[in-house]
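Undergrad: Chain residues, written in single-letter form:
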Amino acid sequence: MSKRRFAFPYYIWMIIFIIVPLLLIIYYTFTDDSSGTVKLTFNNIKAIFDPLYLKVIWRSVYMSLIATVVCLVLGYPAAMILSNRDFSRKSTMLILIVLPMWMNFLLRTYSWLSLLENEGLINQFLGWLGLPQANLMYNNFAVILGMVYNFLPFMILPVYSVLVKIDKNVVEAAKDLGGNNLVVFRRIILPLSTPGIISGITMTFMPALSTFVISRLLSGGKISLIGNIIEQQFTVTGNWGFGSALSLFLMILIFVSMIFINKYGDESVGGGGLL
Amino acid sequence: MSKKIIELKSIYKKYGDIIAIDGVSLYIKEGEFLTLLGPSGCGKTTTLRIIGGFEQPDTGDVFFDGIRINDVPAYKRALNTVFQKYALFTHMNVGENIAFGPTIRKEDPAKIQQEVKQYLKVVNMEGFEDRDVSTLSGGQQQRVAIARALINKPKVLLLDEPLGALDLKLRKDMQDELKTMHKELGITFVYVTHDQEEALTLSDTVVVMNKGKILQIGTPVDIYNEPKNAFVAYFIGESNIIKSTMVRDCLVRIDGVDFECVDTGFGNDVPVDVVVRPEDIVLVSPDKAKLKGKVTLVTFKGVHYEIWVEGPSFEWKVHSTVPQMIGDELGITVDPYNIHVMHKDPAQMNPYEVNAKL
Numbered sequence: 000m001s002k003r004r005f006a007f008p009y010y011i012w013m014i015i016f017i018i019v020p021l022l023l024i025i026y027y028t029f030t031d032d033s034s035g036t037v038k039l040t041f042n043n044i045k046a047i048f049d050p051l052y053l054k055v056i057w058r059s060v061y062m063s064l065i066a067t068v069v070c071l072v073l074g075y076p077a078a079m080i081l082s083n084r085d086f087s088r089k090s091t092m093l094i095l096i097v098l099p100m101w102m103n104f105l106l107r108t109y110s111w112l113s114l115l116e117n118e119g120l121i122n123q124f125l126g127w128l129g130l131p132q133a134n135l136m137y138n139n140f141a142v143i144l145g146m147v148y149n150f151l152p153f154m155i156l157p158v159y160s161v162l163v164k165i166d167k168n169v170v171e172a173a174k175d176l177g178g179n180n181l182v183v184f185r186r187i188i189l190p191l192s193t194p195g196i197i198s199g200i201t202m203t204f205m206p207a208l209s210t211f212v213i214s215r216l217l218s219g220g221k222i223s224l225i226g227n228i229i230e231q232q233f234t235v236t237g238n239w240g241f242g243s244a245l246s247l248f249l250m251i252l253i254f255v256s257m258i259f260i261n262k263y264g265d266e267s268v269g270g271g272g273l274l
Numbered sequence: 000m001s002k003k004i005i006e007l008k009s010i011y012k013k014y015g016d017i018i019a020i021d022g023v024s025l026y027i028k029e030g031e032f033l034t035l036l037g038p039s040g041c042g043k044t045t046t047l048r049i050i051g052g053f054e055q056p057d058t059g060d061v062f063f064d065g066i067r068i069n070d071v072p073a074y075k076r077a078l079n080t081v082f083q084k085y086a087l088f089t090h091m092n093v094g095e096n097i098a099f100g101p102t103i104r105k106e107d108p109a110k111i112q113q114e115v116k117q118y119l120k121v122v123n124m125e126g127f128e129d130r131d132v133s134t135l136s137g138g139q140q141q142r143v144a145i146a147r148a149l150i151n152k153p154k155v156l157l158l159d160e161p162l163g164a165l166d167l168k169l170r171k172d173m174q175d176e177l178k179t180m181h182k183e184l185g186i187t188f189v190y191v192t193h194d195q196e197e198a199l200t201l202s203d204t205v206v207v208m209n210k211g212k213i214l215q216i217g218t219p220v221d222i223y224n225e226p227k228n229a230f231v232a233y234f235i236g237e238s239n240i241i242k243s244t245m246v247r248d249c250l251v252r253i254d255g256v257d258f259e260c261v262d263t264g265f266g267n268d269v270p271v272d273v274v275v276r277p278e279d280i281v282l283v284s285p286d287k288a289k290l291k292g293k294v295t296l297v298t299f300k301g302v303h304y305e306i307w308v309e310g311p312s313f314e315w316k317v318h319s320t321v322p323q324m325i326g327d328e329l330g331i332t333v334d335p336y337n338i339h340v341m342h343k344d345p346a347q348m349n350p351y352e353v354n355a356k357l
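Chains as they are written, first to last, in numbering that gives the first Met the number 0: chain A, 0 to 274; chain B, 0 to 357.
Incorrect hints may have been included.
[What the hints assert, rightly or not] Below, in silico cross-link-like pairs of lysine-lysine (BS3-like), each with a Cα-Cα straight-line distance of 25 angstroms or less:
(1) LYS28(B) with LYS75(B)
(2) LYS316(B) with LYS287(B)
(3) LYS84(B) with LYS164(A)
(4) LYS3(B) with LYS154(B)
(5) LYS2(B) with LYS152(B)
(6) LYS167(A) with LYS75(B)
(7) LYS212(B) with LYS13(B)
(8) LYS75(B) with LYS152(B)
(9) LYS89(A) with LYS13(B)
(10) LYS13(B) with LYS167(A)
(11) LYS152(B) with LYS167(A)
(12) LYS167(A) with LYS84(B)
(13) LYS316(B) with LYS227(B)
(14) LYS3(B) with LYS152(B)
(15) LYS8(B) with LYS210(B)
Honestly, the hints are just simulated from the structure, not real lab data.
Could you put together the complete structure from these sequences and hints?
TA: Okay, here's the thing in structure tokens:
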């Protein structure tokens, strides 16, 4: 009983910063006050299913999925190298991985502009080599690159933290029982690190799906993701109802994908995951 | 009949500045139960890990069945290991754990199923194949680990303090089971422990190690009755280790009194260490013995009383079924064949630090 009292401040916190905003989003989604009186409406929900917006949603899912897969492909080996106890520069590497996160998010995304733009460093270097200029900016590639760059640490760290906890004896036992390195990885290390992979996927896919800064800066506003549309509704068009409906939709999308990921994870290991 | 299945030749291994193994040579005969015994940090586990292929010796050679296997990786060696902390695969159930070896060798699944059942029976865990390993007790987990190793029909089974995490009663039961398994399966067992009683109970051959060196190799009876130096005597069983002088052949001065003994060839008036086991001392009335002492402490130990008797320069530990009164004057007698004379070994740890007067 008394322990519950200590949880009281958190209830207040949750109510003010989580429950109330959520209720407001639901309220704005299903109401219309343009005529002066508040009416129940489903027009905001219907508007989402406009082919134009469905295309944006599909593009968001597609691009954040690619970014997540790239993060996994790059991040898992990095985490494995880091978790190797014979790797001597471990702490230096960890700091280098986390270091960009200390920098302002906008700043580090902006820095890619000066690298990628037509007169940027990369093209200058290509020119110096006598190679043709590459069009690196204002396309899907640039946006996915920005996502991978920003969210890679969120893939490496959870996978790393699971990998370092795997008992060295378990790996040795698998080798002892006749498993070569490939077998040990496929049958032991990979299944045991699934909780870390699930956390990593969750922590890269969710922010990638809802980002609007990366797509705006690195596509020069040419590529709209669901995050950009939501931002526009609140800051440009002032259509809070539709913006809320899109946010709600995005939340449901993330929620469903998390259930899916965790269910898959539960089948391959006994538990773990974020939900 | 019993050929050398494993042979180590002049193994050295250093970790940084620490010498883990300092010139170990030994051979293991096919079918025997050999125990590496010593205090923690003596190099026994490192020796086992070198046999298993988890560590490489800095210098020296490892032979298996006469073939040098230094460069053969662990997964290609025809031996299996049971780890101290079981090292079960937590994402698999009991059956899948045991089936791991045959499964990755792509054996027939029906045959694997049948073998899993067979080896569960060997370790007395019939019907557990579908259980989650996390629901098992420590003893059961260790049985699964043993079954998982045995199903591969290794020529040699390495056991790294497998009973270390179990409570006393369970440990005794498992010792009996291991001994039975060893007899029935005919596999060579190489066992690592710091528990001298376990080593004496289980082994055909005991290898006593300290500070990376082998001090003595012998049968449990040899090791107990004829320890080569004070450390072995101190480590195996309870003992009185007394700084003494070999007066001449068959006569040794212990605690200021000349005792007859059966040892010869030490020379005259040579300092030696003498071991007398507490159960070999007979307490008599003072007028019947040359060496006299006073009882300082009597403790009931169940099977016997532990009696401390203060002699002229040494406090004797005596095991006797007959209690004594503290303060009583008694005579100390030892039969000549129960006095074991050893050369002093300056290289080894001084057991007097631990065994000195309490």
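Undergrad: So if I understand the rule, the pair passes when the alpha-carbon distance is 25 angstroms or less; does LYS152(B) with LYS167(A) pass?
TA: holds, 24 angstroms
Undergrad: Mind checking the alpha carbons of LYS167(A) and LYS75(B) for me, to see if they're no more than 25 angstroms apart?
TA: holds, 19 angstroms
Undergrad: Compare the distance between the alpha carbons of LYS8(B) and LYS210(B) with 25 angstroms, and conclude whether the hinted pair is satisfied.
TA: holds, 18 angstroms
Undergrad: Would the pair LYS3(B) and LYS152(B) pass a check requiring their Cα atoms to be no farther apart than 25 angstroms?
TA: holds, 18 angstroms
Undergrad: Holds or violated: are the alpha carbons of LYS75(B) and LYS152(B) at most 25 angstroms from each other?
TA: holds, 14 angstroms
Undergrad: Does LYS152(B) sit within 25 angstroms of LYS2(B), going by the straight-line distance between their CA atoms?
TA: Measuring from Cα to Cα gives roughly 19 angstroms; hence the hint holds.
Undergrad: Is LYS84(B) close enough to LYS164(A), meaning Cα to Cα at most 25 angstroms?
TA: Roughly 15 angstroms between the alpha carbons, so the hint for LYS84(B) and LYS164(A) holds.
Undergrad: Going straight from one Cα to the other, do LYS167(A) and LYS84(B) come out at no more than 25 angstroms?
TA: holds, 11 angstroms
Undergrad: Assess, step by step, whether the Cα of LYS316(B) is no farther than 25 angstroms from the Cα of LYS227(B), and give holds or violated.
TA: Measuring from Cα to Cα gives roughly 21 angstroms; hence the hint holds.
Undergrad: Is it true that the CA of LYS316(B) sits at most 25 angstroms from the CA of LYS287(B)?
TA: holds, 19 angstroms
Undergrad: Please work out if LYS89(A) and LYS13(B) have their alpha carbons no farther apart than 25 angstroms.
TA: Cα-Cα ~23 angstroms, so holds.
Undergrad: CA of LYS3(B) to CA of LYS154(B), is that 25 angstroms or under?
TA: holds, 12 angstroms
Every hint from the earlier list agrees with this structure, and none is contradicted.
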